[in-house]
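Asks: Go by the hints and put chain L onto chain A.
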Amino acid sequence: MKDDDSTPIPGGEMLRVEGLGSGYGSTQVLFDVSLGVPEGGLCCVMGRNGVGKTTLMSTIMGLIRARGGQVVLAGEDITRTEPYERVRAGIAYVPQGRDCFPQLTVMENLRVVAEACPHPEGGAIDEALELFPRVKELLSRPAGFLSGGQMQQLAIARALVARPRLLLLDEPTEGIQPSIILEIEEAIAQLKQSAGLSIVLVEQYVEFAMRLADTYVVMDGGRVVEAGDAGALEDGSLQEMLAV
Amino acid sequence: MSRLAGTLAAGDARWGFLIRFLVVAAAMLLLAPAVLSDFRLSLLAKFLCFAIVAVGIGLAWGQGGMLVLGQGLFFGLGGYSMGMYMKLEEAGPGQLPDFMVWSGVESLPAVWEPFRHAWFALPMAVLLPMAVAAVLGTLVFRQRVRGAYFAILSQGLAAAFVIVLVGQQGLTGGTNGLTNFTQLFGLDLTAQANASILYTMVALGLLAVFLIARQLVASRYGRVLVAVRDSEDRVRFLGYDPTRIKVVAYTAAAGMAGLAGAMFVPIVGIISPALLGILPSIEMVIWVALGGRAVLAWAAGGAVLVNWVKTGLSERFPSGWLYLFGMVFVVVIAFAPKGMAGIGEYVRAGLGRPGAVRLGPRARDRATARDRAAQEPA
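Chains as they are written, first to last, in the numbering used here: chain A, 1 to 244; chain L, 245 to 622.
No lab work stands behind these hints: they were computed from the structure. Where a beta carbon is used, it is the ideal one built from N, C-alpha and C, also for glycine. Warning: the hint list may mix true and false statements.
As the list claims (entries may be wrong) - Just the calculated beta-carbon pair ranges, DEER-fashion:
| # | chain 1 | residue 1 | chain 2 | residue 2 | range |
| --- | --- | --- | --- | --- | --- |
| 1 | A | Thr81 | L | Val349 | 45 to 53 Å |
| 2 | L | Tyr465 | A | Glu226 | 44 to 52 Å |
| 3 | A | Arg65 | L | Val470 | 21 to 29 Å |
| 4 | L | Thr419 | A | Ala89 | 52 to 60 Å |
| 5 | A | Glu76 | L | Ala270 | 56 to 64 Å |
| 6 | A | Glu121 | L | Val408 | 50 to 58 Å |
If we strip away everything but chain A, and leave its shape as in the complex, we get (with noise of 0.2 Å):
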C-alpha cells in the first residue's frame, strides 16, 4: 500500500531476519532463525505445533525480545525498538485467535488501529474494508458476535488500518470453514498483487499455503530445517516433514 513512497530496499528486501534467538524466561524456544521476505513476496512458515512459529512472529512484531541475532525492515535495524514503533514502521501483526476487542462493535475495533496510526490523507479503515464486503456488513455488531471467519476477517482488516508495508498473518485458516477459507485467501492473493504488500504466513494448511507463497521455511525444534522457493516444492515431501 505504500509501495510509491517508501525508501528505496538494498536488495530489494522487505524483511530480514538473521540469526534470531528467543524464548520465555529460561526456556529458549528459538535458535539461530534465518530468513528473508522480498518486497511483494510472501513467505510460508511450516512446521509441526509447538516448533517456535508463533514465537517467531511475536519476536518479529517484538512482543518478545529477541535474544540474538537482527529484524531488518526495508534496511534498518529494529531488533531493539519497542512494537508500537515497528507498527509506525510498517509492520502489521494479525496474532493466532485474532485477538479482537469483543465488546467493542467491528467499526470501533478498527478505530482503534486509525487512533494509534493516524494518516493525514484518511480513509484507510474504508480502504482496509474494500477487500471484506462482508464485514462491511456488520460494522455496528460487537466483535464478540462474529463468527470465527468473520473475525478473522476483521483482524486482517484491523492489521490493514495501519497501511502496514509487512503483514504477519498467523494461522488464518484455522478453525475457519472452507467457503471462507477461499475468500481470505483471495484477499491475500489481492493484497499481495495489486497492494504489493509484503507477506509472512504461518500456516498449517498445505494447500492453501503453498498456492500464496513465493518462498517457504519449515521450522523444527526452534530452528529452520528446510527452506526454499514454493514452486520448486513438491507436495508429498513437505507433506512428510509436517506429518505428526
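Replies: Only chain L this time, still in chain A's reference frame:
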C-alpha cells in the same frame, strides 16, 4: 430507534452523574459539618484523606490493572513534605525542630532547608511522589514487569522507605515520626473549632481529585488504559505504547496519595513510619477492593465506609471488634466479589433492568442471549 434510545440513555447517565455528584458534594460540605460533632468531623476528614488515596488506587488498579501495594510510600512522601514544613514553621527562623535537638543534631540538614518555604513544601507534597512514580514506573513498566511481580516490587519499596525513615532518627524523627504540631498558617490546630475548616479543605480536595480521575477515565486515554489492563500485548501490536499509558496512571495515583498524606498531617497531627509500611499499604488496597475497584466513586466510598465501620466496631466492642471487622471482609468478598459497588448491580440485574448489560458474567450472558434473540430474523 435503538440509536435514539442509546442517545437518551447517554444523556440520562450524564445527568444522573451530575445529580449524584451534587448530592454527595452537598452532603459532604453542608450536611456533615451541620450534624457531626467536631470530633466526628475530624475523624471523617481523616477518612476523606484515605478516600483521596483510594481514588488513585481505583485509577491505577481498578482501571489500569496495576496492583499498587505500596501507596504508603507516596502517602508518606506527601505527609513528610508537609510535616517538615510545619515543623520548621513552628521552630521559627534559624531554629531546629524539637526532635533534632533531642537526637543531638546541631545544624539543619540540607534536605530540610528548602522545606522552610511553603511555596516549595506544599507543591513538593504532590510533585515529589509524582516524580518518584514517573521514574520508577518508566523503569519498571518498560521492562514489562507486571502482575504479582509489580505488586511485590511496589510493596518492597514501601517497606524500604519505612526502614530508611526509622533508621535516620536525626533526619526523620525515626519511629516516632513528625508530631507535636500546634499550628498551620496561623491556624490553631489544637482548637476543636478549627476542625471544620480543615474538613472543608479535605472535602474540596477529594471532590477535585475525584473529578480529575473521572475525567481521565472517561477520556480516550481512559479507554486505552482499560484496554492495556485487559490485554497489554494486544494494545502493543495495535500501535500503542503501554509503558507511557501505565506510567501516567501510576503517577497520577502517586500524586493523589501525596496530596492525601499532606492533608492528613494537620488533621491527625502526626506522620510516622507506622502509617506507611506494608500493612497500612495493603489496607489501602482493601478499602478499594471492598468498595469496588472498577468504580471510582465506590473506591472512595469504600475507604470512608471501611474506616467508619472499623471505628464504630472498635468503639462498641473494644475486645472483639477485630473478629467482627474480619467478618465484614469475608462477607463482602464472599457475597459481592466486586465490592459494595457490586451489590447494587446484582440487585438491578435481579430486577432485570437494562443497566445490567454491562455487569457480572451471568447478567452479561443473559443480555447476550437477549440481544442474539433480537437480531435473529423472526
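Asks: Please go over all the hints and tell whether each is borne out by the structure.
Replies: So, going through the hints one by one against the coordinates:
For the pair Thr81(A) and Val349(L), the supplied restraint of 45 to 53 Å holds, since their beta-carbon distance comes to about 51 Å. With their beta carbons about 48 Å apart, Tyr465(L) and Glu226(A) fall inside the hinted range of 44 to 52 Å. At about 26 Å, the CB distance of Arg65(A) to Val470(L) agrees with the hint of 21 to 29 Å. The hint said 52 to 60 Å for the Cβ distance between Thr419(L) and Ala89(A), and at roughly 55 Å that hint holds.
The hinted window of 56 to 64 Å between Glu76(A) and Ala270(L) holds, with their beta carbons roughly 60 Å apart. The beta-carbon spacing between Glu121(A) and Val408(L), approximately 55 Å, falls within the hinted interval of 50 to 58 Å.
Comparing the model with each numbered hint stated earlier shows that all of them hold.
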